[in-house]
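For the protein sequence lines, the chains are A and B, in the order given. Residue numbers for the first sequence follow the working numbering, so the first one is -19 and each next one is one higher. Residue numbers for the second sequence follow the working numbering, so the first one is 2 and each next one is one higher.
Since the hints were derived computationally from the structure, they do not count as laboratory data. Keep in mind it's a predicted model, so treat the numbers as computed, not measured. Heads up, some of the hints might be wrong.
Stated by the list, open to error - List of simulated lysine-lysine pairs, DSBU-like, C-alpha gap at most 35 Å:
id, chain 1, residue 1, chain 2, residue 2
1, B, 669, B, 702
2, B, 175, A, 124
3, B, 158, B, 188
4, B, 104, B, 175
5, A, 124, B, 441
6, B, 414, B, 454
7, B, 410, B, 454
8, B, 659, A, 124
9, B, 175, B, 188
What the hints assert, rightly or not - Listed next, the stretches of chain A that the computed footprint assigns to chain B, with coverage defined by at least 3 CB atoms under 8 Å from CB atoms of chain B:
id, region
10, -2 to 11
11, 19 to 27
12, 33 to 46
13, 65 to 73
14, 77 to 84
15, 113 to 126
The beta carbon of each residue, even a glycine, is placed where N, CA and C say it ideally should be.
Chain residues, written in single-letter form:
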Amino acid sequence: MEIDAPTDRRVVDLLREDLLLTGTKESCGAGDCGACTILVDGETRLSCLMLAAQLEGRDILTIEGLSRDGALHPVQNAFVEHGAVQCGFCTPGMALASVDLLNRNPDPTREEIRDALAGNLCRCTGYQKIVDSVEIAAVALRSKAGS
Amino acid sequence: MKDQDQLAEYTSARSAPPVRNRPLAIGVAVVRSDAHEKVTGQTKYAADYYSRNMLWAGVKRAGVPHARLQGIETDRAAQVPGVVRILTHKDISGPNRQGVIRKDQPVLVDDKVRHCGDAVALVIAETKTSLRNALDLIALDLAPLPAVTNAEQALEKDSPLVHEDNAEGNVLLKGDLKIGAGQEAEKECDVVLEACFETPRQEHAYLETEAGWACVDEDGKLSIVCSTQTPFRDRMELAEALGLDSSRIRIIAPYLGGAFGGKDGVTVQSLLALAAMNSGGRPVKMWWDREESFLSGTKRHCARMYYRLGAKSDGSLHLLEVRLYLDTGPYDHLGGVVLALALEHAGGPYRIPNAVLKGWAVYTNNPIGGAFRGFGVPQVTAAMEQMIDMLAAKLEMDPLEIRLKNAVKRGAKNCVGKTLVSSTGAVECLETLSKHQLWKGREAWKSAAGQFKHRGVGIASVMQASGYGPVVPDVANAKIELTTAGRIRVYCGVVDMGQGNAGTNLQIAGSILGQDSCNMELILPDTDLTLPSGSASASRCTYTFANALIGAAEILKERILQRSADMLMARGAEELALVPGGVRRLTDGRELSLEFLAQFLNDSERVVTYRFRAPIAPDHVTLDEGLRLHGMPHTLFSYGAHLAWIEIDELTGQVDVKRYLAVSDCGKVINPETYEQQIHGGIAHGLGLALSEDFEAVDGKIMTPDLMTYIIPTASDLPKIDSVPVEIYEPTGPFGLKGVGEIATNGPLPAIANAVADALGIRVFRFPLTPERILEALKNKRQET
Chain A
-19 MEIDAPTDRR
-9 VVDLLREDLL
1 LTGTKESCGA
11 GDCGACTILV
21 DGETRLSCLM
31 LAAQLEGRDI
41 LTIEGLSRDG
51 ALHPVQNAFV
61 EHGAVQCGFC
71 TPGMALASVD
81 LLNRNPDPTR
91 EEIRDALAGN
101 LCRCTGYQKI
111 VDSVEIAAVA
121 LRSKAGS
Chain B
2 MKDQDQLAEY
12 TSARSAPPVR
22 NRPLAIGVAV
32 VRSDAHEKVT
42 GQTKYAADYY
52 SRNMLWAGVK
62 RAGVPHARLQ
72 GIETDRAAQV
82 PGVVRILTHK
92 DISGPNRQGV
102 IRKDQPVLVD
112 DKVRHCGDAV
122 ALVIAETKTS
132 LRNALDLIAL
142 DLAPLPAVTN
152 AEQALEKDSP
162 LVHEDNAEGN
172 VLLKGDLKIG
182 AGQEAEKECD
192 VVLEACFETP
202 RQEHAYLETE
212 AGWACVDEDG
222 KLSIVCSTQT
232 PFRDRMELAE
242 ALGLDSSRIR
252 IIAPYLGGAF
262 GGKDGVTVQS
272 LLALAAMNSG
282 GRPVKMWWDR
292 EESFLSGTKR
302 HCARMYYRLG
312 AKSDGSLHLL
322 EVRLYLDTGP
332 YDHLGGVVLA
342 LALEHAGGPY
352 RIPNAVLKGW
362 AVYTNNPIGG
372 AFRGFGVPQV
382 TAAMEQMIDM
392 LAAKLEMDPL
402 EIRLKNAVKR
412 GAKNCVGKTL
422 VSSTGAVECL
432 ETLSKHQLWK
442 GREAWKSAAG
452 QFKHRGVGIA
462 SVMQASGYGP
472 VVPDVANAKI
482 ELTTAGRIRV
492 YCGVVDMGQG
502 NAGTNLQIAG
512 SILGQDSCNM
522 ELILPDTDLT
532 LPSGSASASR
542 CTYTFANALI
552 GAAEILKERI
562 LQRSADMLMA
572 RGAEELALVP
582 GGVRRLTDGR
592 ELSLEFLAQF
602 LNDSERVVTY
612 RFRAPIAPDH
622 VTLDEGLRLH
632 GMPHTLFSYG
642 AHLAWIEIDE
652 LTGQVDVKRY
662 LAVSDCGKVI
672 NPETYEQQIH
682 GGIAHGLGLA
692 LSEDFEAVDG
702 KIMTPDLMTY
712 IIPTASDLPK
722 IDSVPVEIYE
732 PTGPFGLKGV
742 GEIATNGPLP
752 AIANAVADAL
762 GIRVFRFPLT
772 PERILEALKN
782 KRQET
């Protein structure tokens, strides 16, 4: 897609206010919490620290784009089925960070999952069910890849 | 999109229809109804509301802790392009005072600044940039006053006063209870221990900061969408503060991005209302950024607690003397209620025949102390559970044994003299803990510590009351409807801030009415559509509302079956059953769809409402009307027993929690997944408070203004948590349930502190247990020996 934006418009504002894609959240505006996580060319980036100019020519994935044709991504499905969602505000960023992790490391240990998600703060869950979900999603993705 | 269309789309915040059909039954881990929409980013929180023609509103904050307001210079700010209006207290026609119990907080400061986050001017602007620029250009003429920054010093005779018009000086509320023989009982004690404990101020740090959107329509009706735990109460509070008619105000609370007590009361509501009334009919949005949330929102009270515990040589507790000082900041914000609950829990879940309990919620110019999960109980539990361990060590008794020996049981009196008439699982939780592998295997684990590492294990016995106490009614009004489309619509009265009660409501109503999730829908709290049901707080959200909902659902069920019986010429409702999507005559299997049936019910017949009021304690443990109003005593308690395995690095002072066990008596479990979510989340808050969270203020100024300096636990900081429910049936609860929202927060501080003492042979009396404090304690110990 093509949009016109001032070069210094924050990406999180461009997504939420210009494109009305409010799935990407802002929680600290300073890169401390991970709630604004999006995937840029497949890698996690903090959209509150990015400017519009940095998106030029890039492939962007927000939470709205993670499910395909109404079918949830295995990470999303696992989050739903295994209690990883409470208030849900950290969930979009957490889900995308998990997707990025599993793309790089399809068979992570629980400690590796925790370390990879340490940049996404959650105040509701205590993280355990998120880690459980990522483990389960990893299995689902590996078996899908295998078949 | 037109503003009214926007509002119409946003209003009556509904949950998205379920994607997967799930059967609904009690006791099953039914997947939460909101999970799908949250995981796809569809959920609109208050912070997600935008509209064309929308303005932004923002606040000029005082920046100093205590000062007389002499002037506000706004001319330069008003000239910033894009600024629409700048408002001050002069633009408020009402009393300009808000508060839940004591109305002591201005919407916009008119006389004195009482904390750095005090709101002094309100700017309405076209863009966030022009808003920020304008706020920077507002100049405040303030005459600084000496700041009150220490709760104990604030009680001294010559202390400056935060509220000159308060007859009790800097005391918001005080409590003074004598139980049994009081201090006289000390001579009967074989051992008396004393210690002073300090717990820090804690910031809620919800991911969604305070946010709202407001609009006044052509008829003068004000609509507010707000991240709030209390939409009905807010409406009254802001109407009173601004001199408005509350019936012309509508407040909608969508799903919140966390709250934990920090949104229990007015945050943006009054400011938004004021802005919307002065925006020329345009909608206005306010969204506090993280720094403003830290600066202006409420915090857990920091506490200094002086404890004296006397016992007999056989370990039976005989006398408890407590002095509690809670720093409540400059405004009420439920600070008195926190004090009353702390005093009621000061002795923990034990039988103590004699006690002297004194406490003060003290006004200061520090950040505002308010509601935060646990509500005074984490503080006193941190103290009492350490005293118990200290006593056990002194008497050379096992810490589990001494707790069991003194634990309350049903029929006993707790430390304020209240007879425990509801389910009381303190003993059962401790016994369950004693059988768990994490307790039985503790010595083997400890002895396997590596070089420079010290391992310890600590336990804590916890309790948490639910509800509002004997005076303030704990009431919910449920409303349920058979829609013309044949679906069951639940009008949720209590806000869902992430605890999943909306989904639980569907689970309950669906199971009573025999419907699957695909036939259920809900309306989230909305003062126009749902019925007053009290705050999302005090561990009463599901207990009280579900009791009302069960009543309503049963009536609707009966009504549907009776009308079906009439239509099918059956003998009576007993020949019929509700099945997914319809009613079946059991004799011959003939079915009518609910959609078909709905046509034969008048609109007034399709809706059922039902009121439930939670039972209260008739015990007169105190004649102090202030304490009674603020909640003393409660009648329903949840219990728990917690255990922490910790490992300390003696070189860095770092405390790592390796494993954690929470055994909980919260009655019967309606949804095991949702229940466990609360236990995990409460433990995370408690763990942060124990190890890393210290919302520091020096001379009233905040030293930890953001998430870089205020450290909350990440995924790497939480251990594996084992949660074991002890399902004692509570007869007054919906399907036997009790509150689970807060209790788990109370365990981590003392369990970890006791584990540290177990590991190192030293006790640290100040929280959080930072590496610096651990290293200091280790150094002191080495110097002593």
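Do the hints match the structure? See the list:
1. Between residue 669 of chain B and residue 702 of chain B, the direct Cα distance comes to roughly 45 Å. Violation of the 35 Å bound is thereby established for this hinted pair.
2. The hinted pair formed by residue 175 of chain B and residue 124 of chain A fails the criterion: a straight-line CA distance of about 63 Å is larger than 35 Å.
3. For the proposed pair residue 158 of chain B and residue 188 of chain B, the alpha carbon gap of about 33 Å is at most 35 Å, so the pair holds.
4. Proposed proximity of residue 104 of chain B and residue 175 of chain B is supported: the alpha carbons are some 17 Å apart, at most 35 Å.
5. This hinted pair does not check out: residue 124 of chain A and residue 441 of chain B have alpha carbons roughly 42 Å apart, beyond 35 Å.
6. Of the pairs offered as hints, the one joining residue 414 of chain B and residue 454 of chain B is violated, with about 43 Å between alpha carbons and a cut-off of 35 Å exceeded.
7. At roughly 39 Å between alpha-carbon atoms, residue 410 of chain B and residue 454 of chain B are farther apart than 35 Å, so this suggested pair is violated.
8. Of the supplied pair hints, the one linking residue 659 of chain B and residue 124 of chain A holds, its CA atoms being roughly 34 Å apart against a limit of 35 Å.
9. Proposed proximity of residue 175 of chain B and residue 188 of chain B is supported: the alpha carbons are some 27 Å apart, at most 35 Å.
10. Figure legend: the region -2 to 11 of chain A, annotated as covered by chain B; annotation consistent (11 residues with Cβ-Cβ distances under 8 Å, at least 3 required).
11. For the region 19 to 27 of chain A, the stated coverage by chain B is not satisfied: 0 residues place a CB nearer than 8 Å to a CB of that chain, which falls below the threshold of 3.
12. Note: the region 33 to 46 of chain A has 4 residues with beta-carbon separation from chain B under 8 Å; the three-residue rule is met and the coverage holds.
13. Proximity of the region 65 to 73 of chain A to chain B, defined as three or more residues with a beta carbon under 8 Å from a beta carbon of that chain, is established by the 8 residues found.
14. Counting residues of the region 77 to 84 of chain A whose beta carbon lies closer than 8 Å to any beta carbon of chain B gives 0, which falls below the threshold of three, so the coverage claim is violated.
15. Judged by the Cβ-Cβ criterion of 8 Å, the region 113 to 126 of chain A is not covered by chain B as claimed, because only 0 of its residues qualify and three are needed.
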